[in-house]
Each structure stands twice: as structure tokens, then as C-alpha cells.
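So the chains spell out like this:
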Amino acid sequence: MSPLEKVQEQFTAAIIETHSFRGDETAVIRPESLLAVAKFLKETPELDFNFLMDVTAVDYLFFAGGRIQKEFRFEMVYHFFSLKHNHRIRIKVPVDEKNLEVDTLNSLWVSADWYEREVWDMFGIKFKGHPNLKRILMYEEFVGHALRKDYPVNKRQPLIGPQN
Amino acid sequence: MSFLSSPTGFITTSFNDALGWARKFSIFQYPFVTACCGMEYMATNCSHYDQDRFGAGFPRFSPRQSDVLFVVGTISHKMAPILKTVHDQMCEPKWVVAFGVCTCTGGFYDNYSTVMGIDTIIPVDIYIPGCPPRPENVLDGLIKLQEKIQKGEQSRILYDPRTRIGRPAELQSGYSIEGHIKHIESVS
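Chain order of the listed sequences is A and B. The numbers in my numbering rise by one with no breaks, and the one at position 7 of the first sequence is 7. The numbers in my numbering rise by one with no breaks, and the one at position 157 of the second sequence is 157.
Hints should not be assumed to be uniformly reliable.
[To be verified] On the chain A side, residues computed to face chain B include the following (Cβ under 7 Å):
hint, residue
1, L108
2, A112
3, Y139
4, P152
5, V153
6, I160
7, G161
8, P162
[What the hints assert, rightly or not] Footprint (simulated), chain A over chain B, 3 or more residues, beta carbon under 8 Å:
hint, segment
9, 34-40
10, 53-61
11, 101-107
12, 174-188
To be clear, the hints were calculated from the coordinates, so they are not data collected in a lab. It should be emphasised that the depicted structure is a prediction, and the values quoted were computed from it without experimental measurement. Note that beta-carbon positions come from the ideal geometry of N, C-alpha and C, so glycine has one too.
Construct the entire structure; sequences and hints are all you get.
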């Protein structure tokens, strides 16, 4: 039984969509069940996802040149890996623009700390319960979130030197 | 008028010549290495190319003890105030070398995070473009710097993007995000 099938079996109601292509398995889940799914992934012995490889986000504003309209603007993407079983899973969580908040995974994987700070810095998604949610790459004086698709491509905010 | 020039006669000029000669063969450099150009900088410093032949083989990791600031690699807006502080801490006379195209003009970065040429924040004496520049190119730049030191010349002006004064003409046109968007729109 693959990790994706296990998750599907356990969280039938929480799963919006699944995808599997040549062993790359993805599950799109509802934001409110993220913590429960993550806990299940980490603490079930047959899954044992002890390595949080990556946390990032996607901004679907103007996706495919505006031809594809998504229900939610943002999507969180988590990549998990099990060193013991050598298997992987990708979890995606849609995030609504009106409620830009997701649960932090800091309590399960400490490495989520900086990844989530990066997502906050670049996309402006907040993490409920994060102990130190501040910018990690940009400076505190920076206004806005640089990787959002509506951040003006020409906008510069230098600390010193000529303005624009 | 440069810092070495003097209105008095022959003896002073000769003294300045001797001073310039001494200075150009004992460059104490401060390597401000932030990115991949650093590898090429190290290659230039190592035995195969050997910057020490030109008297510039002794990097000082304190700005107070150095004459030449080598800015090697991309400078981000977050880093810019630190670079300015390091430059301010150096004692006169001081020179600045922009190593690699990112420090010269911003290179292929035209985005929210990158300084479009360090000459917008500190005066630059020698530009060594290239991504990264070959060691031969660096040595060429170093020899040009030595000529400048011999003459007692120092750059004092900053580049102003509006008037386009303060940067060599060869480095004026480069990558820009507007041009890139125009290119994509013309292709699709």
C-alpha cells in the first residue's frame, strides 16, 4: 500500500484531490486537516515521514496567462520524505486570499521554521502558532511580498542609493 | 586635482611618482566576496595566475588595513548598507574594484533584490565585467588599477541612473526587465 493510499484511507473527507504519476504522489487536502494529516504522516510507523524536504507556495493569480481561474489564489506545497522507507509524498493545501493563514508544522518538524518564514516573506501567508514569524530573506523595511504575482515587476525598495 | 598632486615643482612630482610606485606594488586588498565570482577570484589568487606577482597577494580581512576594496559578486539591497559601511571604514587613499558584471551593472539581475551596479552606492575605479571574468581579465584590470594608482587618480563620483553620468559607456546598455518583457511579447 502506497503512502498516498494510506492517507486516502485514513482521511477520506479531508482530501480534495489526488494525483499520482510514476511514483510521484500528491494529495490536495483541506487546510483545517493539515495538522492531523501531518501528524499521521510523521507518526505512523509504516509511513514514518521524518524529513520535511521543502515548504513553498504558489500564487495562481494570472495562472497560465489568466486563462485558468483557480478557486483559491494561493496553494501551500509540502514535500515529505522518509529516510527509513525511502518514499515521498507531496501535500498541497489551498489558501484563500481572504484568510491567509495556515497551521504551522513547526511542532512536528523543526525545519519548518525557516521555510515558513520564507513563505511569509515572499508570499505573505501567515502561520498560526509559528514562534518567530518575521522576514528571513528581505529586510524589515521591505513593503509587500516580492513573489506575489501582483507585486510590480519594476518596483524597487533600496535601503540606500538611488530610488528606482 | 587628485589627492597626490601638488602645485609645487619637480621634487614633489618625483616624490609622488615614487609614492605611487610604492603603492601600486603593495596593494593590500579587502575581498568583499558574496557570490560565485569568488571562485574565480580565488583562482586568480592561487599559484597558476598568482596575483602576488603584482604585489596584490595579501588580502586583509579588515577594512582599516586595506587600500583596495574588491567587491566580488552580486550585491543585494539588504547587503548594500554593509558594503557602504565597509567602504567608509577604509582609510584614504582607497580604491574600489567592481569584480564581475553583477557588481558593474547588476548583470542579468533586474529584480526587487539586486543593486544595479555598486557604482550607485560607492565610487568605482576599475570595472572588470564578465560572468565570471577570466583570471587574465582580472589581471588586466589589476594592471589598469596599478596605472591609476601610479598617477594618483581616484574615482570620486557615483553613477546616477537618470543622467547616466559616472559609468563607462560600454556598460550603459545591459539587461533590463522592461526589455525582457518586450522581447517575450514580441515572440509570443
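Hint-by-hint comparison with the structure:
The interface hint given for L108(A) is broken, as the beta carbon of that residue sits about 31 Å from the closest beta carbon of chain B, more than 7 Å. A distance limit of 7 Å between C-beta atoms decides the matter here; for A112(A) the minimum to chain B is near 23 Å, and the interface restraint is violated. The restraint placing Y139(A) at the interface with chain B holds, with a minimum CB-CB distance near 5 Å, inside the 7 Å limit. Checking P152(A) against chain B by beta carbon gives a least distance of about 9 Å; that is not within 7 Å, so the hint is violated.
Residue-level restraint check for V153(A) holds (minimum Cβ-Cβ distance to chain B is 6 Å; threshold 7 Å). Because the closest C-beta pair between I160(A) and chain B is about 5 Å apart, less than 7 Å, the hint holds. Taking 7 Å as the C-beta contact cut-off toward chain B, the hint placing G161(A) at the interface holds, the least distance being around 5 Å. The criterion of a C-beta within 7 Å of any C-beta in chain B is met by P162(A), whose closest approach is roughly 6 Å, and the hint holds.
Residue count for the segment 34-40 of chain B with a Cβ under 8 Å from a Cβ of chain A: 0. That is fewer than the three needed, and the coverage hint is violated. Chain A is given as covering the segment 53-61 of chain B, and this is violated because 0 residues of the stretch bring a CB closer than 8 Å to a CB of that chain, at least three being needed. Given as covered by chain A, the segment 101-107 of chain B fails the check, having 0 residues with a CB less than 8 Å from a CB of that chain where 3 are the minimum. Note: the segment 174-188 of chain B has 3 residues with beta-carbon separation from chain A under 8 Å; the three-residue rule is met and the coverage holds.
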